[in-house]
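2 protein chains.
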Amino acid sequence: MTRTSGPLDDLLIVDLSRVLAGPYATLVLGDLGARIVKVERPDGGDDSRAIGPFDAKGQSAYFASVNRGKESIALDLKAPRDRDVFEALLARADVLVENYRPGTMARLGYGWDVLHARHPRLIYAAASGFGQTGPDAPKAAYDMVVQAMGGIMSVTGHPGGPPTRVGTSVGDITAGLFTVAGMLAAVHHRTRTGEGLFVDVAMLDGQIAILENAVARYAVTGVAPGPLGARHPSITPFAAYACADAHIVIAAGNDALWSALLDALDLSALKANPRFATNASRSEAADTVATVLEARLGTAPAAHWLALLDAAGVPCGPLNDVAQALDLPQVRARNMRASTTFPDGSPLLCAGNPVKLSGYADLPEKPGARALDADRAAILAELGL
Amino acid sequence: MTRTSGPLDDLLIVDLSRVLAGPYATLVLGDLGARIVKVERPDGGDDSRAIGPFDAKGQSAYFASVNRGKESIALDLKAPRDRDVFEALLARADVLVENYRPGTMARLGYGWDVLHARHPRLIYAAASGFGQTGPDAPKAAYDMVVQAMGGIMSVTGHPGGPPTRVGTSVGDITAGLFTVAGMLAAVHHRTRTGEGLFVDVAMLDGQIAILENAVARYAVTGVAPGPLGARHPSITPFAAYACADAHIVIAAGNDALWSALLDALDLSALKANPRFATNASRSEAADTVATVLEARLGTAPAAHWLALLDAAGVPCGPLNDVAQALDLPQVRARNMRASTTFPDGSPLLCAGNPVKLSGYADLPEKPGARALDADRAAILAELGL
Numbered sequence: 001m002t003r004t005s006g007p008l009d010d011l012l013i014v015d016l017s018r019v020l021a022g023p024y025a026t027l028v029l030g031d032l033g034a035r036i037v038k039v040e041r042p043d044g045g046d047d048s049r050a051i052g053p054f055d056a057k058g059q060s061a062y063f064a065s066v067n068r069g070k071e072s073i074a075l076d077l078k079a080p081r082d083r084d085v086f087e088a089l090l091a092r093a094d095v096l097v098e099n100y101r102p103g104t105m106a107r108l109g110y111g112w113d114v115l116h117a118r119h120p121r122l123i124y125a126a127a128s129g130f131g132q133t134g135p136d137a138p139k140a141a142y143d144m145v146v147q148a149m150g151g152i153m154s155v156t157g158h159p160g161g162p163p164t165r166v167g168t169s170v171g172d173i174t175a176g177l178f179t180v181a182g183m184l185a186a187v188h189h190r191t192r193t194g195e196g197l198f199v200d201v202a203m204l205d206g207q208i209a210i211l212e213n214a215v216a217r218y219a220v221t222g223v224a225p226g227p228l229g230a231r232h233p234s235i236t237p238f239a240a241y242a243c244a245d246a247h248i249v250i251a252a253g254n255d256a257l258w259s260a261l262l263d264a265l266d267l268s269a270l271k272a273n274p275r276f277a278t279n280a281s282r283s284e285a286a287d288t289v290a291t292v293l294e295a296r297l298g299t300a301p302a303a304h305w306l307a308l309l310d311a312a313g314v315p316c317g318p319l320n321d322v323a324q325a326l327d328l329p330q331v332r333a334r335n336m337r338a339s340t341t342f343p344d345g346s347p348l349l350c351a352g353n354p355v356k357l358s359g360y361a362d363l364p365e366k367p368g369a370r371a372l373d374a375d376r377a378a379i380l381a382e383l384g385l
Numbered sequence: 001m002t003r004t005s006g007p008l009d010d011l012l013i014v015d016l017s018r019v020l021a022g023p024y025a026t027l028v029l030g031d032l033g034a035r036i037v038k039v040e041r042p043d044g045g046d047d048s049r050a051i052g053p054f055d056a057k058g059q060s061a062y063f064a065s066v067n068r069g070k071e072s073i074a075l076d077l078k079a080p081r082d083r084d085v086f087e088a089l090l091a092r093a094d095v096l097v098e099n100y101r102p103g104t105m106a107r108l109g110y111g112w113d114v115l116h117a118r119h120p121r122l123i124y125a126a127a128s129g130f131g132q133t134g135p136d137a138p139k140a141a142y143d144m145v146v147q148a149m150g151g152i153m154s155v156t157g158h159p160g161g162p163p164t165r166v167g168t169s170v171g172d173i174t175a176g177l178f179t180v181a182g183m184l185a186a187v188h189h190r191t192r193t194g195e196g197l198f199v200d201v202a203m204l205d206g207q208i209a210i211l212e213n214a215v216a217r218y219a220v221t222g223v224a225p226g227p228l229g230a231r232h233p234s235i236t237p238f239a240a241y242a243c244a245d246a247h248i249v250i251a252a253g254n255d256a257l258w259s260a261l262l263d264a265l266d267l268s269a270l271k272a273n274p275r276f277a278t279n280a281s282r283s284e285a286a287d288t289v290a291t292v293l294e295a296r297l298g299t300a301p302a303a304h305w306l307a308l309l310d311a312a313g314v315p316c317g318p319l320n321d322v323a324q325a326l327d328l329p330q331v332r333a334r335n336m337r338a339s340t341t342f343p344d345g346s347p348l349l350c351a352g353n354p355v356k357l358s359g360y361a362d363l364p365e366k367p368g369a370r371a372l373d374a375d376r377a378a379i380l381a382e383l384g385l
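Each protein sequence line maps, in turn, to chains F and X.
Numbering follows UniProt numbering, with no gaps: position 346 of the first sequence is 346.
Numbering follows UniProt numbering, with no gaps: position 319 of the second sequence is 319.
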């Protein structure tokens with residue numbers, strides 16, 4: 001049996017979050033079948049409705065792509081009537097998600113202690129810039145701030161070059177994904193115990209958690225690593241290399257692949273060179289490896305070498321722009337090139353769901369984004385209000 | 001009650017995965033309390049045991065930091081006796097994780113169909129380069145290949161500059177996090193239905209899924225976006241700006257913060273300038289905004305401006321290296337600066353767990369990494385073999 005929903009289709013998520021970290025988390029949960037009711041403020045709704053890029057009618061593609069498939073109701077959490085609606089929603093919810101600054105919900109009378117006492121089974125997930133504890137907890141953060149403070153920018157870019165931001169909002173997205181992990185672990189806990197949990201994820205913490213190799217290098221050497229341009233710090237060859245017309249990436253992650261690479265490039269004589277005998281020695285001589293490889297790669301265009309290396313089983317790939325990436329046969333075959341709709345129903349290209357599950361259909365047409373407050377009547381009727 | 005384990009402490013994960021995408025997924029699950037039994041090949045174990053950085057004894061800090069807290073048993077899945085052990089483990093497992101090339105497990109007689117028939121409740125998660133389906137499914141990929149093919153490198157770096165890799169392995173890490181989401185959704189499905197699911201996550205798919213704004217820009221304009229150095233594509237000011245001695249990041253994500261920024265910098269007169277009236281108009285004039293801000297910021301050092309902007313509530317931060325990031329009071333207060341041990345028991349600095357849950361302790365001392373096959377005797381005894 002192939003189901004068209006998802007394994008989380010028994011879960012109701014009430015989502016107060018705005019812009020990216022929280023909304024990205026509920027996007028992932030929605031793709032896994034959860035029902036997301038997005039509660040927005042009446043004056044304009046989610047800030048990201050006003051962040052570009054926009055279509056010709058002024059609808060935000062940014063908002064629509066991250067919030068596809070979510071119901072919308074506008075509630076003023078300071079107005080008594082709207083608070084009644086919100087509280088009726090909470091009484092039915094499995095998870096509450098918010099990404100306000102710590103303290104905001106408590107000031108509204110909706111702190112964890114209050115809600116946990118009232119709804120012991122409710123899971124409450126908070127994604128914030130710095131987390132609910134620690135000296136910086138009250139401060140606001142945005143992606144760029146945690147990318148800078150958390151160290152990822154210090155290892156991204158070229159040696160001696162200007163500061164370089166990771167080109168997507170990995171600060172928000174990583175926090176969103178850790179929030180998903182925390183929420184689903186809390187769902188499992190609730191199944192076992194009946195008890196809701198508070199999930200506290202900080203964007204800054206997420207940046208530390210994804211530094212991986214950079215922390216290990218610092219731990220062992222005592223020296224903070226710097227940026228390395230387009231190569232891996234401890235695997236060689238594992239970088240972008242220039243061909244006659246463009247760069248390609250070659251990732252020969254072990255000795256067998258190094259050997260296959262040399263054979264494919266007609267450089268087999270280098271196998272005997274002790275400087276290139278192990279990954280460790282190749283990484284010591286990474287610049288020399290690049291010089292040797294590029295001397296050969298520079299004699300023909302990228303397409304030639306990619307075909308040749310593909311045939312030899314050496315992991316490699318072109319440097320695609322977003323248009324090229326979305327046009328890859330593999331990306332199309334996996335329904336990662338998907339479509340949704342703007343609030344007015346017009347179509348919008350978007351990314352698909354990267355979590356493929358047996359027994360559940362993975363459709364490339366995704367439910368659309370909603371206009372602010374579009375689902376008020378239906379939700380009020382459902383709540384009997 | 002504060003528990004010292006985690007909400008997943010009833011789950012046994014049998015982990016065949018190597019290097020990073022799969023091991024990162026089980027690191028996250030282990031931090032949430034799951035028991036991870038890492039099954040490694042007898043000749044050297046996980047490839048990453050041979051990938052640096054190394055300590056003075058040749059132990060990999062890279063391996064140890066990603067595999068802390070996981071039991072190790074060495075099994076040759078082609079040897080009958082070891083297959084018996086593996087199959088006895090599977091009979092008790094909740095989840096099997098692997099990141100081989102698609103087809104490898106089927107050739108060993110452990111394809112999903114076989115295992116699902118034998119162990120209907122077993123969840124099977126496969127993280128691969130390109131996924132289990134589509135024309136590129138049989139190909140190997142490494143982080144660098146999917147960073148290049150998936151488009152993130154095309155939006156990272158500086159306009160006209162050389163190719164730039166994101167300085168951590170976001171290809172692997174993102175796939176690991178989506179694998180966690182899929183596994184935990186499958187755990188929920190199993191609780192509801194008793195049925196195990198197959199979870200298929202591709203590194204390339206994960207790269208498409210995190211492009212967010214870049215896909216939206218391409219969708220609306222038809223033009224693939226390029227790299228923007230250290231600024232956000234559609235929020236301004238949201239970038240790294242030069243002070244007298246160093247760059248800082250300022251993220252004034254809405255009009256109120258823009259106004260507060262101008263007041264703090266004694267540039268209030270600019271509020272009346274229509275070119276800077278809205279986020280959209282500021283983003284059109286992002287270079288001019290940078291020129292204006294840097295003219296002022298260049299008159300004093302970074303520390304001066306950070307203190308001033310912090311006091312004004314404008315999100316900002318220094319460009320920290322990894323040493324500085326790990327030394328932040330906030331990072332220490334949140335136990336994101338943690339410690340584990342190498343297989344020989346010597347200490348290793350590592351990142352902590354970014355998922356904080358009420359009712360569960362978040363300790364900065366993490367169980368250590370294990371030598372290859374260190375847990376064989378205990379595991380065999382447990383299995384009665």
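Accuracy of the hints is not assured; some may be wrong.
Chain copies aren't distinguished; within one or between two, either way the pair holds.
[What the hints assert, rightly or not] Lysine-lysine pairs mimicking DSS-like chemistry, simulated, CA-CA at most 30 Å apart:
| # | residue 1 | residue 2 |
| --- | --- | --- |
| 1 | 139 | 57 |
| 2 | 57 | 271 |
| 3 | 139 | 271 |
| 4 | 139 | 78 |
To be clear, the hints were calculated from the coordinates, so they are not data collected in a lab.
30 Å Cα threshold - placement of residue 271 relative to residue 57: Only across copies: residue 57 and residue 271 sit 27 Å apart there, 61 Å inside one copy, limit 30 Å.
Checking residue 139 and residue 271: alpha-carbon separation at most 30 Å within a copy, between copies, both or neither? The answer is between: 24 Å across copies meets 30 Å, while 55 Å in one copy does not.
Between the shortest in-copy and the shortest cross-copy C-alpha distance, which are at most 30 Å for residue 139 and residue 78: within, between, both, or neither? within (22 Å within a copy, 55 Å between copies)
When no copy is specified for residue 139 and residue 57, does a C-alpha distance of 30 Å or less occur within a copy, between copies, both, or neither? neither (35 Å within a copy, 43 Å between copies)
When held up to the earlier numbered hints, the structure conflicts with hint 1 and nothing else.
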